[in-house]
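One letter stands for each residue in the lines below.
Protein chains: 2
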Amino acid sequence: MRTSIATVCLSGTLDQKLVAAHEAGFDGVEIFEPDLVSSPLAPEAIRARADELGLSLDLYQPFRDFEGVGPEVLDMNLRRAEAKFSLMNRLGIETMLLCSNVATARSGDEQLAASQLRLLGDLSDRFGVRIAYEALAWGRFVDGYETAARIVRIADHPRIGLCLDSFHILSKGHSPEAIETIPADRIFFVQMADAPLLNLDVLSWSRHHRLFPGEGGFDLGTFMAHLVRTGYDGPVSLEIFNDTFRQTDPRPTAVDARRSLRWLEHVTAEALGASAGGRAARMSASALPTAEAVSDINYVELRTTELADLRTLLGQLGFRSHGPHRSKAVELWSQGDVRFVLGEPDTEHRQPTVAGIGLSVDDPVTALRRATALFAPEVPRPQDAADEPLVGVRAPDGSEVFFGAERGAVPRWVSEFGVPEGHDPVLIDRVDHVNLAQPWQHFDAAVLFFRSVLDLHSEPSIEVAAPVGLVRSLVLRDTDGIVRIALNLVPSGSSETGAILPQHVAFASSDVLALARSARERGFAPLAIPANYYDDLAARFPLDAPLLDEIRELNVMYDRDESGEFLHFYTPPVGTVFLEVVERRNGYSGYGALNAPVRLAAQYQHLRPADQGVPA
Amino acid sequence: MRTSIATVCLSGTLDQKLVAAHEAGFDGVEIFEPDLVSSPLAPEAIRARADELGLSLDLYQPFRDFEGVGPEVLDMNLRRAEAKFSLMNRLGIETMLLCSNVATARSGDEQLAASQLRLLGDLSDRFGVRIAYEALAWGRFVDGYETAARIVRIADHPRIGLCLDSFHILSKGHSPEAIETIPADRIFFVQMADAPLLNLDVLSWSRHHRLFPGEGGFDLGTFMAHLVRTGYDGPVSLEIFNDTFRQTDPRPTAVDARRSLRWLEHVTAEALGASAGGRAARMSASALPTAEAVSDINYVELRTTELADLRTLLGQLGFRSHGPHRSKAVELWSQGDVRFVLGEPDTEHRQPTVAGIGLSVDDPVTALRRATALFAPEVPRPQDAADEPLVGVRAPDGSEVFFGAERGAVPRWVSEFGVPEGHDPVLIDRVDHVNLAQPWQHFDAAVLFFRSVLDLHSEPSIEVAAPVGLVRSLVLRDTDGIVRIALNLVPSGSSETGAILPQHVAFASSDVLALARSARERGFAPLAIPANYYDDLAARFPLDAPLLDEIRELNVMYDRDESGEFLHFYTPPVGTVFLEVVERRNGYSGYGALNAPVRLAAQYQHLRPADQGVPA
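Going down the list, the protein sequences come from chains E and L. Last residue of the first sequence? That's 616 in my numbering, and every number before it is there in order. Last residue of the second sequence? That's 1616 in my numbering, and every number before it is there in order.
Don't read these hints as lab results, they were simulated from the structure. Computed from a predicted model, the values in this text were never measured in an experiment. Be aware that a few hints might be false.
[Claimed, not checked] If you want the ones that stay clear, here's a sample from chain L, every Cβ over 10 Å from chain E, calculated:
hint : residue
1    : Asp-1051
2    : Leu-1112
3    : Ser-1204
4    : Thr-1290
5    : Ser-1473
[Unchecked claim] Here are a few chain L residues that face chain E, going by a calculated C-beta distance under 8 Å:
hint : residue
6    : Thr-1013
7    : Ser-1039
8    : Pro-1040
9    : Glu-1044
10   : Ala-1048
11   : Arg-1080
12   : Arg-1246
13   : Pro-1467
14   : Pro-1530
15   : Arg-1540
16   : Ala-1601
We put the beta carbon where it would ideally sit given N, CA and C, even for glycine.
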């Protein structure tokens, strides 16, 4: 698959955009006209720069409001086109994107539009360039690709073809099936965009909320499968208008973009299945190494300056210390098969509090190969020759994902720490979920990273009111519910207001009440839940009085769904982290969303004033 | 007008919300249930705290999904209601908001809904409370206030009335006229919300984008006039769900909110006009002092650490220095009637670069009275006894607006500076517009501030692509075009990325080309506009070759609209400020929006790397 990206997807100057696209490994770029017009580089210099970087210039875009107009406007439009064709010759670009008319069209007559496109084709022929006509979802008369395809067929000009953009097609709810009726040599260009499923007017939706494939809700594998079946083998390009990407460093954005096309190849091969003969075989050659099924979360690594407080909490919850590592400045705590590696944060890098998770898989090397095939950077793990090797990659927020082959056994690296004292009863079974607070810059990239690298699927995102902003939360999980990663979007203003959104790790217990009681005996003070919460709970659910009294006393929260019940309690926040213990009864599958605002408000009162985000 | 505000409008803890509402001068608050449930304060303590602060508790809200249900759900709902009525008694709240059913309703039969509301009314009677039934715009069966009013009429119960919310009515495009057919004693509560005019599903629009009255696009004066004509005299409350308000200090938000109700009273009196007899008279008693017509922008005050560079620019543009003030650490520059006061920034406060503007009006005292009636804080102006008094107020971003009575004459305070040397020709006529970059926290509040205090109207906002984000821009202007204030929204991520959005002042010249030439003779180097821009310009407009050559040589940009032409050039940015000179030919009324991305990209290249917002 030839990969391309429109310069509008990336922030900065045109040169910065080209460098970012090159470094991420794209084959080519689309030149977005405003980026050229704003650039101090002459067209010839841009061409030379792209050559130097090994990037082809695949498309000049967009040309607007051409067809369906009266004769005077047509003359002006042809004059305008001639200037752009001449510019394209200077740039060495062969294909120009023509968007369907949104402003000046006076007629929707397809014969008229086709005859005007034919004139444009004749003109473009003199410059050796060609026109890819695209139906915008908000075009005045032409707003569907099937209409655009008919007009191109009527125009019947070798230099007039189509551009297909998944957003314009799927946002209108149009079926992509009819793509297969278009001859491949009439498809001049393809742009792929994902998007969250919103009920917004298509123009605003397109301008602000497009996402790279795999980050939104469109079924792009099926879309691409239709395209592959036509025999199309031109560039597959990304044209993503997105408020976040516009504001952030273009280099990680370009890597995220490149990953999305790798993922798209993979899901296309899946969608093609066995049905498409040679093409499927060609695509499946580019399929990713199979995702390794995760059998457990082997450890979680936390980095915090508040180590002493965290140790106290872990002890109260029944974890036992293995002491420090024999050579590294970390320590190990465990309870049954749940393990924590603790350390101070790395002062050189901005390391998130939940700094890493270890996953047990059959074959760590295959897991690593899949991740690096998806452009995940491998983590160099400094270690003694005597340490057990671990392989891992870095997520967009800087946290690390490690793969090991333990599958339920005690990992050999545990022996690199000491041996804990005592034999406390084990009340914690496993890690239920890990909650990673994602800065707004990394949220969408993190969704794609975890979804693709670990083959997780995402549950619908929800929004939870915190005292200083709405928190968007999205859970990614595997089919068996072994790996559940909740990504929380830190509101974009929080760096200015100073609000902290702590991360957390939740353990599963088969008896959360017993655990809460035993922790209390060890001096544990849970996050205090207001009495008003329990009054409201009693109004919402007909709970038995003894249960209500007990959870009230223990500060345990409660929820239920169609299948079962959920009991959970929280530790107070310790710096930027806290812990949760949950009990899922009879297959309850949620996370207590209705309780989240109450929990966030209670935590807020524990934060240092400087971390609360509202001046006192 | 009794004023109230829902606690959901304000960030922080319930106590912080109450304090903010009290300090801003509200009469009462609505208790938003999640704020109560999350609060460690017992209901009795909340009641006592409100008493102490002189706030009435006007509404408990919301109660959901009650009516139109089957018998079993009805029993559960009545049980749920009983618990809430008991809670309301503890809080001392008389009125509960009931939203129309969105989830559990099985029938839209109005008789059924009315009979179930009657049961609720009987139950509420035992607690001495009453129910304000509100049609949500996304209600399952009841989504319009006229339907809700019919159901209330059929229910015919003294404890069952209506809540009218302007958002739910206007967002659906429903006419508010029929409000006048509702008996005043059936209207138990009124919530007023404005909103930008979006094509978004009503639920998302409501949850994220509500604004205080005067900050959006709804005609709320007409809405309120219908309400006043019914004889309603209960609380007028604000229920605003807004992502920005949720994240920012509740105290300035509460002041902004209180200002919006003062403004609403004013526009309601205007909408009532002479037609409503005694009621109009009652409302007009609360009308604001008339806005003083502004005859000119008398001066602009700039605060910057880059004074030396700014002086050079002003000199090159033909301004002359009057030297320093006789006692204050500021200096004056002028050209004709355009004046600049320059100084170093106040290190104690976060002072914006465009720190103040002076407006000439007939009666500065009336202008000040209007501003302070709108809760604008008066600025204490430190001055010698010998200085001419000036009156002024502070805008939400910290900039100052001063009123003087000069009206075209040289202000007397000019004599507090020295006398400039030389007699350069005057090529600058007036200040054309002032561009204030607004942090995201202050943008909506700034719109209301300038709109209400100076009686400006707003032009539709536009979005302009900068190299590191989209900039939203909205122009507020008076009828004569004397005062034009462009508010630019700094993208919310910029504090994290470090991107700077400079502010600017634009002068009007009757011969921008002559001014550009004379400035060049004085060594001026304008902001360099890329050659690609002029090639594109030539493709877009059939410009005469000599004019095109001249503007290209002088780095002057060009635009045209239906009526005329626009020529303008920019200085490079100096720290966080730059200057623009514009020439409007034949009544061109815009600001060269198409040129803005090119200008922003050119400025971006001048910024220090740390201010560019993208890591190099």
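Right, here's what the structure says about each hint:
| no. | hint | verdict |
| --- | --- | --- |
| 1 | Asp-1051 | holds (19 Å) |
| 2 | Leu-1112 | holds (24 Å) |
| 3 | Ser-1204 | violated (7 Å) |
| 4 | Thr-1290 | holds (36 Å) |
| 5 | Ser-1473 | holds (15 Å) |
| 6 | Thr-1013 | holds (6 Å) |
| 7 | Ser-1039 | holds (6 Å) |
| 8 | Pro-1040 | holds (5 Å) |
| 9 | Glu-1044 | violated (11 Å) |
| 10 | Ala-1048 | violated (15 Å) |
| 11 | Arg-1080 | holds (5 Å) |
| 12 | Arg-1246 | holds (5 Å) |
| 13 | Pro-1467 | holds (6 Å) |
| 14 | Pro-1530 | holds (5 Å) |
| 15 | Arg-1540 | holds (7 Å) |
| 16 | Ala-1601 | holds (4 Å) |
Consistency with the previously given hints fails for numbers 3, 9, 10, ordered from lowest to highest.
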